[in-house]
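Each chain, written out:
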Amino acid sequence: MKLSNFVRKIRDVCPPDCSACEKACAEKMGNLGPVINAGQVHKAGVYKAITCVQCGNPACKDVCPNDAIVKDEESGVVRVIQENCIGCEACTEACPYQNMFFDSNAKVAFKCDLCGGAPECVSACPYGALEYFRGGTIRGYLNDEEYLSPGTRACAGCPGELIYRFSQRILGSNTVFFGCPGCMTILMTGHETMAGSRLPYVSCLFTNVISTMTGTSRYYRHIGKEANLVAYVGDGCLSDIEFQALSAAAMRREKLIVLCYDNEGYQNTGNQMSSTTAFGSLTTTSPVGKELRGKDRDSKYMPLIMVAHDISYVATASPAYLEDYARKLTKAMNVKDGMSYIHILTPCPTGWGFPIDKSIDVGKLAVETNYFPLWEYEDGILRLTYKSDKPQPISAYTKLISRYRHMNEDELQQLQRLVDKRFNKLGLYSQSFRQKEALRT
Amino acid sequence: MKKKVQKRELLLQGNEAVVEGALKAGCNFFAGYPITPATEISEILSVRLPQLDGTFIQMEDEIASIGAVIGASLAGAKAMTATSGPGFSLMQENIGFAVIAEVPCVIVNAMRGGPSTGLPTMPSQSDVMQARWGTHGDHPIIALCPSTIRECYDLTIKAFNYSEKFRVPVLLLVDEVVAHMREKITIYEDEDVEIFNRVKPTVPPEWYIPFEDTPKGVPAMANFGDGYRYHVTGLTHDIRGFPTSRPDEIDPFIRRLFRKVSQNFADIQIGEFYQTDDADITIIAYGCVARSARRAAADGRERGLKVGVLKMNTIWPFMRASVEKVLRTSKVVIVPEMNMGQISREVKRVNKGDAKVFTINKVDGKIITPQEILSRIKEVY
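Chains as they are written, first to last, in my numbering: chain B, 1 to 441; chain Z, 442 to 822.
Worth double-checking, as some hints may not be accurate.
To be verified - The list that follows gives simulated cross-link-like pairs (lysine-lysine, DSSO-like), each with its CA atoms no further than 30 Å apart:
(1) K657/Z / K747/Z
(2) K290/B / K807/Z
(3) K807/Z / K747/Z
(4) K43/B / K387/B
(5) K336/B / K390/B
(6) K747/Z / K290/B
As the list claims (entries may be wrong) - Ranges between beta-carbon positions, derived for each pair:
(7) D718/Z / D296/B: 23 to 33 Å
(8) H577/Z / Y219/B: 54 to 64 Å
(9) G338/B / V644/Z: 35 to 45 Å
(10) V13/B / D494/Z: 33 to 43 Å
(11) D692/Z / R252/B: 22 to 32 Å
(12) P556/Z / Y219/B: 47 to 57 Å
(13) M251/B / H577/Z: 50 to 60 Å
(14) E624/Z / P150/B: 50 to 60 Å
(15) K43/B / L560/Z: 28 to 38 Å
(16) D718/Z / G353/B: 52 to 62 Å
(17) R687/Z / R252/B: 56 to 66 Å
(18) N143/B / R786/Z: 46 to 56 Å
(19) N408/B / H577/Z: 47 to 57 Å
(20) R165/B / E743/Z: 56 to 66 Å
To be verified - One side of the interface only, derived from the structure: several residues of chain Z facing chain B at Cβ under 7 Å:
(21) V488
(22) G495
(23) T496
(24) D502
(25) N638
Treat the hints as calculated values from the structure; they're not laboratory data. For clarity, every value in this text was computed on a predicted model and none was experimentally measured. Here a beta-carbon is modelled for each residue, glycine too, at the ideal position from N, C-alpha and C.
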């Protein structure tokens, strides 16, 4: 099975009165009428498919009595062969997304066929809100097997779970996971539900995840065994209590993959602040009142600290940019020697306070506002892997999240300065590194 | 005219009562790290301490927390930290440092099921022996154990007093049930609570002997930075604070560490006797189990059994005198505990054969019920 191409919405910018996509579609479809609805596009969330999703196992294809519906193996597109269509309308009933249409005059079913690989709606959109998503690119990274069993105990809308599941699909079965007490341990061990990961998992302690992995890795090397040893550990552990072990293992160039899911706090014990909690955040140990206004200092920027250790691979990633993450994790897997570290911002609806369906939007805005830039570092070169054309002000990000709700204009400006400072620093790093690259070539 | 008594009637959680007690005792420094079931103490103090011009720091782990507490105490603060089993294990080396350097501090351990990560949200009493011998080396220790919310308040004040009076780290062993249970508590603002502050040197700096062997065993403690210059070290040291390997200095030093606690047993050991005078059966209990024990005693009396309870509020130093007293007067002694038998072993150790000692050990993360105690009584008596 292959992940299909489809059209999706990538920016929540379309105004209600615009219907450019629908018009373009109608023009292309001619007599049959449009298969995209501008009103629905406006209402849809980011990354939602807005026309036919070109299902892997199309229900329409299954019900068609005359084999008039075919699925293209290469692009994944589902097509109606109108000569074969007998006009029974079974497919319009079967489609769970109501994206199969029927023309009562011509007595034929019709649907989105992605305009043969260049969707008109995407090129027509004046705001750049739509994207022609090519499933093959992301699918290439994934294994077919699903390692996470359903019914886990993660909170609704948790992107930490998404990243965990996705990472497993990339890493494959030759993987041992390590973790420590925290949100994801509840998930990975199947705490009280028995619904967890099918991959072996060692739940260590706060102080010894990387040390335990070192022991396993060295013994594997001794007996000649090759496996992905992966830590999936939170920010509280890695940036606070585990930092000593992480730093020491990085210095020793241990062959480990360290994934840090950064939900900016101790969310498993109920939203206490950690070293990576952002300036101004309200947590249960950085209260807001007359004396205090949330966390009073900037966060610890772990990925740059890991760059300073000069390990084999360092990257930042976001659940809103999964292709980017898939590429980075694959790179980390292919590191021959030494440690790779990926820092993933996983917005926490429960702890930060935003609706559970907004996790990806928040993650995306964190990148778009330069609050959490995406970059990677390898072979002594740092480069940004995503650069937003027009960075939005930090208030666009903070207004979605209730832990920043108390912040006044001054405090927001201070946060903006911190964000700018960090981004400029990264820019300087990447420039100086780029010069180095140029010198070398 | 009679002054109106200011009183506050509160419905408090054990952890909240610990905070109230600490603030009453004058605690002005807290360093901690989040851990269930002690997190509430950090959370509340993060709000209360800044309001009272105190210091709250969230540290990067428990080792750092106790380190900060020791540093603050040396500088003159009344300092406290709160944790649970795993964090308590991390703190052990530093607790030993506080013992040998004679640094007053209070460590709250809200006990949860162990070993290791264990049962984060369930009660247990399995850190009792760790409290006694967790840190290496021969040392005395004071550990208190509340069973009601009022005791959480009172014993926290007492913990601070003992630590200041004897220059020792004092442990407050709260179990998860007491830490998270809510009860009504009345706090009188003008209550005559004894608050003890460490004795400061009265001599000029050049005469000051920081670890002097006084009759009480507790040398005066100068704040770091007050002009009294001395060394603090984890090495065994002489009376001036310099490391020593001379047997004639090591021996009196270690003995003094023990003496300062042992000659004050009467002050430190707090317990309560309920109807033990005529009891044939005595239940020795502490923490949340003491509550079940009292109920079991009341129910037992209704059924014609002469049951009494010795409730231990001081776990360490072990209340030998009180335990020996009930062992002499009773025929049967029952020690219910939420561990595999840590205090019962001590009870058996001091038993001279006057009474039979039976245990109830429950390690399934649930509290021992009065019914279970009564069934055990019926079984053995």
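Next item on the list: Decide if the proposed pair is consistent with the structure: K657/Z and K747/Z, CA atoms, cutoff 30 Å inclusive.
Entry: 42 Å, violated
Next item on the list: Just tell me: holds or violated, for the beta carbon distance of H577/Z and Y219/B against 54 to 64 Å?
Entry: 29 Å, violated
Check: Regarding the pair K747/Z and K290/B, is the alpha-carbon distance no greater than 30 Å?
Finding: Roughly 58 Å separates the two Cα atoms, so the pair is violated.
Check: How does the Cβ-Cβ distance of P556/Z and Y219/B compare with 47 to 57 Å: does it lie in that range?
Finding: 24 Å, violated
Margin query: Between the beta carbons of V13/B and D494/Z, is the distance compatible with 33 to 43 Å?
Written below: For V13/B and D494/Z the Cβ distance comes to about 49 Å; the hint is violated.
Check: Would you say the C-beta atoms of R687/Z and R252/B sit inside 56 to 66 Å of each other?
Finding: Given range 56 to 66 Å: violated, Cβ gap about 42 Å.
Margin query: Given the hinted pair K807/Z and K747/Z, is their Cα-Cα distance within 30 Å?
Written below: Holds: K807/Z and K747/Z sit about 27 Å apart, inside 30 Å.
Checklist line | Range hint 22 to 32 Å (beta carbons of D692/Z and R252/B) holds or violated | finding: 44 Å, violated
Note to self: Please check whether N638/Z passes as an interface residue: C-beta within 7 Å of a C-beta belonging to chain B.
What the structure shows: Cβ of N638/Z sits 25 Å from chain B, so the hint is violated.
Check: Holds or violated: V488/Z as interface residue toward chain B, Cβ cutoff 7 Å?
Finding: 5 Å, holds
Margin query: Next item in the hint list is T496/Z. Is there a CB on chain B closer than 7 Å to its CB?
Written below: 12 Å, violated
Note to self: Against the range 50 to 60 Å, how does the distance between the Cβ atoms of M251/B and H577/Z compare: consistent or not?
What the structure shows: 29 Å, violated
Violation of the numbered hints given earlier is confined to hints 1, 2, 5, 6, 7, 8, 9, 10, 11, 12, 13, 14, 15, 17, 22, 23 and 25; the remaining hints are satisfied by the structure.
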